[in-house]
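Chains as they are written, first to last, in the numbering used here: chain A, 45 to 433; chain B, 10 to 197.
Mixed in with the good hints there might be a few duds.
[Unchecked claim] Some but not every residue of chain A turned toward chain B, in silico, with C-beta under 8 angstroms:
| no. | residue |
| --- | --- |
| 1 | His228 |
| 2 | Glu322 |
| 3 | Ile344 |
| 4 | His396 |
[As the list claims (entries may be wrong)] Think about it this way: if two alpha-carbon atoms lie no more than 20 angstroms apart in a straight line, the pair counts; the simulated EDC-like pairs of lysine to aspartate or glutamate are:
| no. | chain 1 | residue 1 | chain 2 | residue 2 |
| --- | --- | --- | --- | --- |
| 5 | A | Lys55 | A | Asp239 |
| 6 | B | Lys139 | B | Asp158 |
| 7 | A | Lys55 | B | Asp98 |
| 8 | B | Lys139 | B | Asp155 |
| 9 | A | Lys310 | A | Glu186 |
| 10 | B | Lys80 | A | Glu349 |
I should point out that these hints are in silico values taken from the structure, not numbers from a laboratory. Since the structure is predicted, the reported quantities are computational estimates derived from the model, not experimental observations. No residue lacks a Cβ here, since even glycine has one placed at the ideal position from N, Cα and C.
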Amino acid sequence: MSPDRSTDLLKPGVHYLQGAQACAEGALMAGCRVYAGYPITPATEIMEHAAHRLPRVGGRFIQMEDEISSASVLLGASWAGAKAMTATSSPGFSLMQEVISFAIMTETPLVIVDVQRPGPGQGYISTSQEDVMQARWGHHGEGSIIALSPASAQDMFDFTIEAFNLAERWRTPVLVMAEETVAHMRERVVVPPADAIPIVNRTTPQDLGIPPQSYLPYGHAQVPPMAVWGQGYNINHVSLVHHADGNVTRYNPAVHLENVGRIHRKIEDNVDAIARLETRGLDGCRHVLICYGSVSRTGIEAVREAREQRGIPIGFIRLNTLWPFPERRLRDLVPEVDAVFVPEMNLGMMIHPVTEALRDRCRRVVPIPSLGSLHSPGAILARIYEEIP
Amino acid sequence: MIRHRRFEIRIAGYGGQGVVTIGKILGTAFSVYGGWNSVNTQSYGPESRGGACRSELVVADGDINYPYVRKADVLVALSQEALDTYVADIRDHAVLLIDPRAVTRLPGTGAFRLVRVPTVEIARQTGDIKCQNTVALGALYALIADMIDEDALLQAIEGNVLPATLGLNRAAFEQGKRYVRSHFAVEK
């Protein structure tokens, strides 16, 4: 790989970027030097920008024959020591589930961006939040996942950097659950100086002073140090249930529980370190609106109008992280309330973990669904007024 | 929670007129050089097939939450179809900027301020009809000069057109601005 020409990264200052461009630029800033992809509306602009920019920073871009191979490239690139990303839209995200499952089990850091469009099937090419459950449960088998939900072009830059940092920190695939709305809008993106952007790199056995002869590719810690292929460390890169040394023989249920249980717990036990949310107006609120992604833009607008127009004491929570789901944080934040409103660009998905978390905290949970288009503030407001006359 | 000023611009025409580029230039001018926030979106997918094309800009002096135009304060219509499609979604007393060669049928009623600018003709006289969009941009600037400095727009033009066409685009912008200032009562 050619030397890292980091001087070609996006200059600090104010830029005007499409969300898709901001996402690709964020990836480069985070250290991504491999992108493999297959075009699909409305995610193609990320790929186009990556194709244009990666050669300029000493990286590699490849268009693959489909989404399964695109995601598979990331596995090899990651184990060869690179930070790697792909972007797709919902039908392609379905195809990538196989690799996500594999990457969870082999504890391979990589970043997948899903610019969601409506389904099922080819559905449509407008905006959507219909893959938020697939993000968590789409892959076969156990194991947890990290999934972020950006709401602006700035988020597309910031959250993509964060996605790489989380992938490296927790040695796991991380999903950026974007939407057509945020991928296509152009907005101001403020880029801080490179030295003000925290960048996390995976811990290697060399970092911990572990010599090749005693290295366990799936051992040593809850998040095992990850060796780079070709540096003298033997690695059994395996997605069968395995021992800490990668051995897949001598199967027994205790090893199975230790192996998969640890992979699950390294995410779920650290939910408070991983998951972020934003709140407004929760003090003294009697109702609360919980949303994520671009819906949080209209959600906050509706909350503001409900407070201003009718003095309704309604608070606002935005889930910046969808998975792992911050159940404990949510319970700590939300007092006893009457109604919880959950507007989503689907028929009701994140409303389920929200309802489970707040089961004894509220009298009713009200879904506000929309398919294929962003709710207008008026649409959310109308539903709030219906429930709280 | 403070109520911010929000201003919505919709530019519509058909593909090839540079409608998307005007949106990008305006957004860059407002957000990078003008000290405002702005969100720029454009038509895409099936709605952008068959020739129709739309670019939108929401400008505000605070956060922009809902990113799309609800009622335009300014509608720039460069085709009859564009006017017919979007004239219902303008605010009372909105500015309606049209090219009279392309838009010949106007709504009989409605409170709007009509600004007719022969953008194609001015572009041809300036040197190339392809700079019709920057003529329209100059004309639009003359109507919203209280919101943004000319320098901000000129810098944004520089960043969004091919270097070889920069001189032509600057001239087109100037001619569009002059046309409005000499034919309509506007603040300078």
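Structure-based check of each hint:
Nearest Cβ of chain B to the Cβ of His228(A): about 6 angstroms, under the 8 angstroms cut. The hint holds. Annotation: Glu322(A) was flagged as interfacial toward chain B, and the flag is violated, the nearest CB pair being 13 angstroms apart, outside 8 angstroms. The beta carbon of Ile344(A) is positioned within 8 angstroms of a beta carbon in chain B (closest approach about 6 angstroms), and the interface hint is therefore held. Given hint, His396(A) at the interface with chain B, is violated; its Cβ is 26 angstroms from that chain's nearest Cβ, farther than 8 angstroms.
The suggested pairing of Lys55(A) with Asp239(A) holds, with an alpha-carbon distance near 12 angstroms, which does not exceed 20 angstroms. Between Lys139(B) and Asp158(B) the CA atoms are separated by roughly 25 angstroms; this puts the pair beyond 20 angstroms, and the hint is violated. Of the pairs offered as hints, the one joining Lys55(A) and Asp98(B) is violated, with about 39 angstroms between alpha carbons and a cut-off of 20 angstroms exceeded. The hinted pair formed by Lys139(B) and Asp155(B) fails the criterion: a straight-line CA distance of about 28 angstroms is larger than 20 angstroms.
Note on Lys310(A) and Glu186(A): the hinted pairing holds, with a Cα-Cα distance of about 13 angstroms set against a maximum of 20 angstroms. Taken as a hint, the Lys80(B) and Glu349(A) pair is honoured in the structure, with Cα atoms around 18 angstroms apart against an allowance of 20 angstroms.
Of the hints listed earlier, those the structure fails to meet are numbers 2, 4, 6, 7, 8, in rising order.
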